[in-house]
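Top line first, the protein sequences correspond to chains A and B.
In case it helps, the working numbering puts the first sequence at residues 8 to 436.
In case it helps, the working numbering puts the second sequence at residues -3 to 162.
In case anyone wonders, no lab produced these hints; they're calculated from the structure.
Beta carbons: idealized from backbone N, C-alpha and C, even for Gly.
Be careful, since some hints might not be right.
[To be verified] With a straight-line cut-off of 25 Å between C-alpha atoms, the simulated DSS-like cross-links for lysine-lysine are: (1) B/18 x B/43; (2) A/193 x B/18; (3) A/193 x B/14; (4) B/18 x A/157; (5) B/142 x A/257.
[As the list claims (entries may be wrong)] Here are the in silico distance ranges between beta carbons for each label pair: (6) A/424 x B/36: 37 to 47 Å; (7) A/355 x B/36: 28 to 38 Å; (8) A/256 x B/101: 44 to 54 Å; (9) B/57 x A/44: 45 to 55 Å; (10) B/157 x A/393: 49 to 59 Å; (11) A/256 x B/157: 33 to 43 Å; (12) B/1 x A/209: 24 to 34 Å; (13) A/416 x B/58: 37 to 47 Å; (14) A/209 x B/135: 27 to 37 Å; (15) A/10 x B/156: 43 to 53 Å; (16) B/135 x A/386: 53 to 63 Å; (17) A/209 x B/53: 18 to 28 Å; (18) A/81 x B/158: 51 to 61 Å.
[Stated by the list, open to error] Some, not all, of what chain B presents toward chain A, calculated at C-beta under 10 Å: (19) 23; (20) 53; (21) 55; (22) 88; (23) 90; (24) 94; (25) 120; (26) 150.
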Amino acid sequence: MAAVVRYLLPPDGQNWSKLADYKKNGGYAAAEQALREMKPEDIGTAVKASGLRGRGGAGFAAGIKWSFLPNDGRRPRYIACNGDESEPGTYKDRQIIERNPHQLIEGLLIAARANTIDAAYVYLRGEYRTGFDNLRAAIAEAKEAGYLGKNILGSGLDFEIYVHRGAGAYICGEETGLMESLEGRKGQPRKRPPFPAVAGLWKQPTIINNIETMTQVPYVLRAGVDGYKSIGTEKSTGNTIFGVSGCVMKPGPYELPLGTPLREIIFEHAGGLRPGRTLKAVIPGGVSMPVLTAETAMQVTMDHDTLQKNGTLLGTGAVIVMDDTVCLVRAALVIARFFRHESCGQCTQCREGTGWLHKLMQGIERGTGTLRDLDVIEDVTKYMEAHTICALSDAAAWGTGYFVRRFRPEFEAHIEHKGCPLAGTSFEV
Amino acid sequence: MGVLSEELKQRIADEFPKYPEKRAVLLTALHFIQAEHDGWIPPGASKEVAELLEIHQIDVEEVISFYSLFHDEPVGKFHIQVCANLSCCLAGARPLIRAFEEKLDIRSGEVTEDGVFSIAEVECLGSCGTAPMLQVNNEPFLENLKPDDVPGILDKLRSRLGEGKR
Chain A
8 MAAVVRYLLP PDGQNWSKLA DYKKNGGYAA AEQALREMKP EDIGTAVKAS GLRGRGGAGF
68 AAGIKWSFLP NDGRRPRYIA CNGDESEPGT YKDRQIIERN PHQLIEGLLI AARANTIDAA
128 YVYLRGEYRT GFDNLRAAIA EAKEAGYLGK NILGSGLDFE IYVHRGAGAY ICGEETGLME
188 SLEGRKGQPR KRPPFPAVAG LWKQPTIINN IETMTQVPYV LRAGVDGYKS IGTEKSTGNT
248 IFGVSGCVMK PGPYELPLGT PLREIIFEHA GGLRPGRTLK AVIPGGVSMP VLTAETAMQV
308 TMDHDTLQKN GTLLGTGAVI VMDDTVCLVR AALVIARFFR HESCGQCTQC REGTGWLHKL
368 MQGIERGTGT LRDLDVIEDV TKYMEAHTIC ALSDAAAWGT GYFVRRFRPE FEAHIEHKGC
428 PLAGTSFEV
Chain B
-3 MGVLSEELKQ RIADEFPKYP EKRAVLLTAL HFIQAEHDGW IPPGASKEVA ELLEIHQIDV
57 EEVISFYSLF HDEPVGKFHI QVCANLSCCL AGARPLIRAF EEKLDIRSGE VTEDGVFSIA
117 EVECLGSCGT APMLQVNNEP FLENLKPDDV PGILDKLRSR LGEGKR
């Protein structure tokens, strides 16, 4: 394993939630540079040149997203920072706000300077108690130290950060669902256009980035564009936090460069499988992303291009590992149940489709399914893709449909045996 | 006499300056109310919140029904939420839930007769590397659990019964 320079999380066992600890380790130097020495447009140019791509799932270039903000003089302008983190398997943003919240604050401050932002709202999923407490305490300390408030560091920038608690709805991680929720409504996504950059929070210009994306920003300035680009691959730059879970010896969050081989993540960092077990399937980026067979999983590197070429996506980098004891029909059933629960109900394809998928998976798992059900699943997923206001429907179709497409014999075996051939060994749902 | 205390109304009003519209405080207000009222939103609260935020009562009620953290019926004083999503299931969430059900003699989704405990199976809580796990009310997570941990968890919670507010 090559030595990895960590810059998102403190070393194991350390917590830099206190301002003094963060500053001792170089914290806020990038913000001081950005506010005292740099022109706002140069910050945006550096972020664009660094190749920084969003870490919330879609991988859109952060600098380009920022450049969509209109120069029409409308104020206030907002940042909506996405900390809803509800994609099953994903727990990376939580590591940041619990152990390194000042770096998020610093990233937001630099982004505010670059884009002339008046206020940022960090939308945090309601369940995150420790992260909520640590982030709020860090914001209070940063304000006390003059990094938030009026005329920050003499730059003329007035900027505040507020933490907003969600209340348990996966759909609020969708950018416009988040905005609806922040405004005090059900988190039902909006139709686009208009896009958030033009009409976001309260119809004002808004940029929306994931917590980890914003936490990358100080490092772009600290390392410089070339230093940042030297980590990762050509089109997937920088580190990310891979959250590994499932059938491995050492599940946990691993901060590594994008482009790290999945084999290395599972077998070296996460300690490999339990003794005597073999690999069966891996979800590389949270349950929305197409599952990979063991064979493909052992060949891929964890960057956007490679995964796309291999029929899946990086998503949130949440790696869920399944060994030969795992019944994949049950895994697909859990995922189908999740999406049925989380569909906001606006679009017919999603509301009805997620219900169908769940019922069909339930039947197959219980032993009442038929071969025709597999064709119906294929059919339903096709109607669910690219037909709805947001991508939850696509995610549900991919997250379940690819289990059938890539592991069809296992589903057929369930139908034939009228139940799970692995029932004695597999996990329970 | 309303459901919401004057102090609670003041805490809600104190949030207004953070936003350009009062309505944005709705989720926060509902969290405050639940924390003061044993984890659920009592009848009458939605009308009073609507008045405070200058919105319709239905605007409040549709939000209560949309979000899974809001309850319009009583839950246990200790609401035990066990994650049953994929990573937790792979690590043994089902046997953990069963242990709670057996020990408390209720099913997931129910409240014990004395109103002290309720169990809920919930979707991913973002603790997948430390699975299986649970959250009591809105407290910090309990992680890396085994069915054997259940009696100890329940004893510890029972010992807190005299403490008052959640």
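Checked hints:
1. B/18 x B/43: Within the cut-off at roughly 15 Å; holds.
2. A/193 x B/18: Measuring from Cα to Cα gives roughly 16 Å; hence the hint holds.
3. A/193 x B/14: Judged against 25 Å, a Cα distance of about 20 Å means the pair holds.
4. B/18 x A/157: Distance ~23 Å between residue 18 of chain B and residue 157 of chain A Cα, so the pair holds.
5. B/142 x A/257: Satisfied, since the Cα-Cα distance of roughly 17 Å is no more than 25 Å.
6. A/424 x B/36: 37 to 47 Å: holds (45 Å)
7. A/355 x B/36: 28 to 38 Å: About 32 Å separates the Cβ atoms of residue 355 of chain A and residue 36 of chain B, which means 28 to 38 Å holds.
8. A/256 x B/101: 44 to 54 Å: violated (36 Å)
9. B/57 x A/44: 45 to 55 Å: With a Cβ separation near 52 Å, residue 57 of chain B and residue 44 of chain A satisfy 45 to 55 Å, so the hint holds.
10. B/157 x A/393: 49 to 59 Å: This hint holds: roughly 53 Å between Cβ atoms.
11. A/256 x B/157: 33 to 43 Å: The hinted range 33 to 43 Å holds for residue 256 of chain A and residue 157 of chain B, with Cβ atoms some 39 Å apart.
12. B/1 x A/209: 24 to 34 Å: holds (30 Å)
13. A/416 x B/58: 37 to 47 Å: At roughly 45 Å between Cβ atoms, residue 58 of chain B and residue 416 of chain A fall inside 37 to 47 Å, so the hint holds.
14. A/209 x B/135: 27 to 37 Å: Taking Cβ atoms as reference, residue 209 of chain A and residue 135 of chain B lie about 33 Å apart, which means the hint holds.
15. A/10 x B/156: 43 to 53 Å: holds (46 Å)
16. B/135 x A/386: 53 to 63 Å: violated (45 Å)
17. A/209 x B/53: 18 to 28 Å: For residue 53 of chain B against residue 209 of chain A, whose Cβ atoms are near 23 Å apart, the range 18 to 28 Å holds.
18. A/81 x B/158: 51 to 61 Å: Given a distance of about 55 Å, which is inside 51 to 61 Å, the answer is holds.
19. 23: holds (5 Å)
20. 53: Violated. Min distance 14 Å.
21. 55: Check passed: Cβ of residue 55 of chain B comes within 8 Å of chain A, closer than 10 Å.
22. 88: Holds, because the Cβ-Cβ distance from residue 88 of chain B to chain A comes to roughly 7 Å (cut-off 10 Å).
23. 90: holds (4 Å)
24. 94: Holds - the Cβ of residue 94 of chain B comes within 10 Å of chain A, reaching about 9 Å at its closest.
25. 120: holds (4 Å)
26. 150: violated (20 Å)
Of the numbered hints stated above, those contradicted by the structure are hints 8, 16, 20, 26, listed in ascending order.
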